[in-house]
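K.L.:
Full structure from sequences and hints, please.
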Amino acid sequence: MPPYAIPPPGPDTDPGASVETPNTLRELQLVMDHAGVGIAFIKQRTVVRCNQQFSDIFGDGEAFGMAGQSSRSLYPDSDAFRALGEAAYPVMAAGIAYQSELLLKRRTGQIFWAHVTGTLVDPADTEQGSVWVIDDIDAQKHAQAQLQTVLAQQQLIFSNAMVGIVFLRDRKVTQCNGHFEQLFGYAPGELQGSSSRQWYLTEEDWIVAGEQCYAPLSEGRSFQGEMMLRKKDGSAICCDVRAKAIDPGNLGLGSIWITMDITARKQAEEALVQVREDLEHQVLARTAELRSTVLALEQKIVEQVQAERQIQQLAHFDPLTGLPNRTLLGERCSQVLSLAQRQRQTVALMFLDLDHFKNVNDSLGHGVGDDVLVELARRLRAVVREQDTVARLGGDEFVLLLPDTDRTGAAHLAVKLLETALVPFQVQAQELTVTPSIGIAMYPDNGGALDALSRCADAAMYRAKAMGRNAYCFYTSEIQQQTDSALRLGNALRRALERDQLSLHFQPQIALASGKIVGAEALLRWNHPDFGAVPPSQFIPIAESGGLILPIGAWVIRSAVRQLSEWISRGMEPITMAVNLSAIQFRDAGLPQLVTDILQEANVAPRLLELELTEGVAMNDAPGAIAIMAELHRRGIRLSIDDFGTGYSSLAHLKRFQIYKLKIDQTFVRDITVDQDDKAIVSAIISMAESLGMQTIAEGVETQGQLDFLRARGCTEVQGYYFSPPLPGTEFESLLRRGTLFQL
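Numbering-wise (my numbering), the sequence shown opens with residue 120 and increments by one.
A couple of the hints might just be wrong.
Only pairs whose alpha carbons sit at most 20 Å apart, straight line, appear in this in silico DMTMM-like list of lysine to aspartate or glutamate [as the list claims (entries may be wrong)]:
| no. | residue 1 | residue 2 |
| --- | --- | --- |
| 1 | K535 | D472 |
| 2 | K351 | D324 |
| 3 | K535 | E494 |
| 4 | K162 | E205 |
Computed Cβ-Cβ distance ranges for the label pairs, DEER-style [what the hints assert, rightly or not]:
| no. | residue 1 | residue 2 | range |
| --- | --- | --- | --- |
| 5 | P438 | Q462 | 31 to 41 Å |
| 6 | L860 | G184 | 49 to 59 Å |
| 7 | K798 | P742 | 14 to 24 Å |
| 8 | G567 | P742 | 45 to 55 Å |
| 9 | Q229 | Y208 | 18 to 28 Å |
| 10 | D481 | C357 | 52 to 62 Å |
The hints are simulated quantities; they were obtained by calculation from the structure and are not laboratory data.
C-beta: ideal position from N, C-alpha, C; glycine also.
P.N.:
Spelled out as structure tokens, the structure:
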């Protein structure tokens, strides 16, 4: 008997219960096997048996293969499993079948929607287990979601169409868009339920229109024609009218009408006809003279039209990029915010400013800078939606107006904009890379008009620059406070060096082959008398944005090398001193000579200094990074990649880098004893480094299990709190005298 079969009565059967006949059991088994839904009996959170449909839904092959499987594995996570139990079992314990739609998980890991029905075998005794019926409705749910998207898109088109659209039933308005109301001079909602008679000049016109229009509609054809209609104030308006029945077989369902104002066009046509007639009469009398007059007049008309177009273009568009200017942005923003207020939508306003763009103009000329701005404008238009507005305010400042966009959508677009800008610009035989900083304000949270939203987005943009540039930031009420705090910290940081407030701590780096300390990482600390211990994550960005990182970075290298020199002079075994470099330091042309001078001053061998740079810094400008690395390598200075694995490395570039060591980021080390993905990543990094002839060091080691795993995989060195936290120089020297921190 298969595991999912209904068991025959046996010794454990309730004596008072009726005994099922073999035919009844076979009938029940047949129902189970051929049911269109999955059926399973679950007891003590374990699948006891199920039918083949249940197994097929979860992708588990034969039904007997699921017997004994934990029901927890059917859910996306423990929270979902626990939530169903909390919701379902109180209902089922009352003798009621529990029904719900929820997300389940197939064996492949795919999450899908299902309709579930659960019933306890005995509501008085939950230990007897439960029967669950599963119906896979994933395709239905996705179809419903797609339908809602299509409906929302159709409504957006209807509301924002630049033509008048109205739905009529029995010649009465059931729905119309704002443009139709504006076309005829009615207030929003004023036409709802009213008769179409009111926009005809006379009763006779209305009757004739009904005869002419509805006859083709009933035959399944559309109607198209020009009509003279009436506005609310009684004035006449000439319209191009197009109509079609919703269902030609049942005109009672109504019809859709699209109306465009062609009054100006008709007047122009009539005027043109009149002018031509006059000219023809004059040509008969004075052909030669008037021919030249007509040519001059036509030329003047062309020039006037061109001049009007040019005036319109200059008034509303940026002459360099062709983008809307501040004036047109204001008009569109008013329209978007008005619509958002009526429909209770959110709107995002982005300020985008290029980082250090002045350097491009100063170094390569404004012609190159203008070409970059034109190309950037093209890229910005390419990544936004049709209903979005990209405007240029001047210089390298751009504004994006995003109707019906929430914070998630704005953040997604901001990431795309950052990625788009990072693609090198090919301008006048120059390859340039520029990075933007983006500030985002949201309507209605951050303001109800363009001015308020602009101020907030501008403040958020400067916050993004303060965070390190090439980033985006949403406006928050704390930004002003943070700006003030950053200003105070920046002013204090300028005096930190001269007031001897900076210091270095050192964390040991241990060789796994011997257990000995073979290196130290120098870590910068700032202790301010008023602010206390300021975290590096807080003051380093301020130093970078405030132009302080180069003198502070030079102080760190000099202090670390001097400390190493002092240890060696007191009889300590020489070890490697690792110092972190910021992106600004690494790109400084004077870095190689500065480091060489410091090493010579302290009489320290170049091989004992290891400069660490992050993966992102190395990959941002790979050709430039390769040149700087080659120069440092030529001088005998070792280089390592910090936080390896957290960015996007190109192996083609990595093998060309003059790298001595890869540092495995602590985010991968933290869970290597329990997370299979982290185990695989760390093992791959170690193997790759070994094949490229590089050393590896793992940071953040805190447990014996992590240490054992890294040693087994062949990692070269480790560091972390398992051995020691960062220590002041005197305390580290005591640790250094011990030499060995663990036994093999």
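K.L.:
Now tell me, hint by hint, if it's right for this structure.
P.N.:
Results of checking the hints against the structure:
1. For a cut-off of 20 Å, the pair hint linking K535 to D472 stands: about 15 Å separates their Cα positions.
2. Between K351 and D324, the direct Cα distance comes to roughly 16 Å. Compliance with the 20 Å bound is thereby established for this hinted pair.
3. Between K535 and E494, the direct Cα distance comes to roughly 16 Å. Compliance with the 20 Å bound is thereby established for this hinted pair.
4. Simply put, K162 and E205 have alpha-carbon atoms about 16 Å apart, close enough for the 20 Å limit, and the pair holds.
5. P438 and Q462 have their C-beta atoms about 35 Å apart, which keeps the hinted 31 to 41 Å range intact.
6. Evaluation of the 49 to 59 Å hint for L860 and G184 yields a pass: the beta carbon distance comes to about 50 Å.
7. Under the hint 14 to 24 Å, the C-beta atoms of K798 and P742, about 35 Å apart, miss the expected range.
8. About 49 Å separates the C-beta atoms of G567 and P742, a value consistent with the hinted range of 45 to 55 Å.
9. The given range of 18 to 28 Å is respected by Q229 and Y208, whose C-beta atoms sit roughly 27 Å from each other.
10. Range check, D481 to C357: Cβ separation about 58 Å, and the 52 to 62 Å hint holds.
In the structure shown, a violation is registered for the earlier hint numbered 7 alone.
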